[in-house]
Amino acid sequence: EAGVTQFPSHSVIEKGQTVTLRCDPISGHDNLYWYRRVMGKEIKFLLHFVKESKQDESGMPNNRFLAERTGGTYSTLKVQPAELEDSGVYFCASSRPTLAGGYNEQFFGPGTRLTVL
Amino acid sequence: RKEVEQDPGPFNVPEGATVAFNCTYSNSASQSFFWYRQDCRKEPKLLMSVYSSGNEDGRFTAQLNRASQYISLLIRDSKLSDSATYLCVVIPNSNYQLIWGAGTKLIIKP
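Same order as they appear, the protein sequences are chains A and B.
In this text, residue positions in the first sequence follow this note's numbering: the first is 1, and each later residue adds one.
In this text, residue positions in the second sequence follow this note's numbering: the first is 1001, and each later residue adds one.
It is worth saying that the hints were derived from the structure and are not from the lab.
These numbers come from a predicted model, not from an experiment.
Among these hints, one or two may not hold up.
[To be verified] Once the Cα atoms are required to be at most 16 Å apart in a straight line, the calculated EDC-like pairs of lysine to aspartate or glutamate come out as:
#1 K1042(B) <-> D1082(B)
#2 K78(A) <-> E68(A)
#3 K41(A) <-> E1003(B)
#4 K44(A) <-> D1082(B)
#5 K41(A) <-> E1005(B)
#6 K41(A) <-> D1007(B)
#7 K1045(B) <-> E105(A)
#8 K44(A) <-> E1005(B)
#9 K1105(B) <-> E42(A)
#10 K44(A) <-> E57(A)
#11 K44(A) <-> E1043(B)
#12 K1002(B) <-> E42(A)
#13 K1042(B) <-> E57(A)
Only chain B is shown next, with the shape it has when bound in the complex (with noise of 0.2 Å):
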């Protein structure tokens, strides 16, 4: 099993909709919880941090479960520039080793 494992979609998502992804994690001790988005052939950037009581950030909402081990992304009223891949990050400990999910690919189409 993987240790982060996201759905690779792509999501094919009209402009102006909600869209959602999951992310689930293995190691029940992770501490800290990412969303990167990576453009096609450019390198991730950090889109937000995600604490445990959930956090907004504009249109980008990220919540954490602890108890089911998922965090997710919420994209609200989708803009073409939202295109891109998103990926789940995971820090399982202390050494900050970012482990990376495979990435969900976003397609907003208008």
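Only chain A is shown next, with the shape it has when bound in the complex (with noise of 0.2 Å):
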């Protein structure tokens, strides 16, 4: 079974350019989640999509930050325009759907690691 994938792996942008992080989670897994690490402290959660709904996107910075999945498949994460604040590395995430009261384990990618200058 293929894993999470992220691309691009690595990506380098000026300040006020624009950024998009594509994410492929495992086929067949409903929910998939966006996380950010900032050099030097934990990770965040950004948003959660069950399909291509946005089930959570509490944890969205501001509005220059957008997340889609149309399809329910792969989703993307747009940064327009970026600002020094946001490099960091971008983790998606996938899971197998919930049933109620359940949990089933999220599966990582292995992020992009995304600088502005």
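Starting from the two chains in their separate frames, assemble the complex, guided by the hints.
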């Protein structure tokens, strides 16, 4: 079974530019999550999709961040315009459909390392 | 106060020794608890879930203390390959949002 994949693995952009990160979850995983780790800090939740719907976007830092999951398969996370503080590693994770009251393990992709200069 | 707190370390431990980490969480209503392992520049991977009754998986033992709001991880007979950052993770409610500690770095020395 292929794991979660993310593209690109690294991105270096200048402040003010736009970057789009992509995540392909494990096939059949309805749940897709985005997380971010800023250097020296803990990993922070950004948002959660169930299929194509945003279940929880409480962690999105501001309106410069836009996540989509059209068709309920892969997801993109766009940062526009990028700021210096957006630098960090962006992780995507996916998990199987969740039964009421249950929890399914989230499997993580390798992350995209974003550097904003 | 952070929602999940860990000693960042590093813990420098000789091979074969036993090492233990603690992690405290602030939300007393938290429902699920996990230890993840993250190797340098890699993604985090689930090491083990932490159950109320405690659980063991080979050389690894996890314990939960709800009264004091902490979880622990014990590694026995440590191996060089155990060197990594160990992340404490809590799910505070039913929305499956993972709340992460900053991690404890473990270095096993030959």
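Hints versus structure:
1. K1042(B) <-> D1082(B): Between K1042(B) and D1082(B) the Cα gap is close to 14 Å, so the pair holds against 16 Å.
2. K78(A) <-> E68(A): Judged against 16 Å, a Cα distance of about 8 Å means the pair holds.
3. K41(A) <-> E1003(B): holds, 13 Å
4. K44(A) <-> D1082(B): violated, 24 Å
5. K41(A) <-> E1005(B): holds, 11 Å
6. K41(A) <-> D1007(B): holds, 13 Å
7. K1045(B) <-> E105(A): Status holds; Cα separation ~10 Å.
8. K44(A) <-> E1005(B): With Cα atoms ~14 Å apart, K44(A) and E1005(B) stay inside 16 Å; holds.
9. K1105(B) <-> E42(A): Distance of about 13 Å is within 16 Å: holds.
10. K44(A) <-> E57(A): holds, 12 Å
11. K44(A) <-> E1043(B): Given pair K44(A), E1043(B) holds - Cα atoms ~14 Å apart, limit 16 Å.
12. K1002(B) <-> E42(A): Within the cut-off at roughly 10 Å; holds.
13. K1042(B) <-> E57(A): violated, 25 Å
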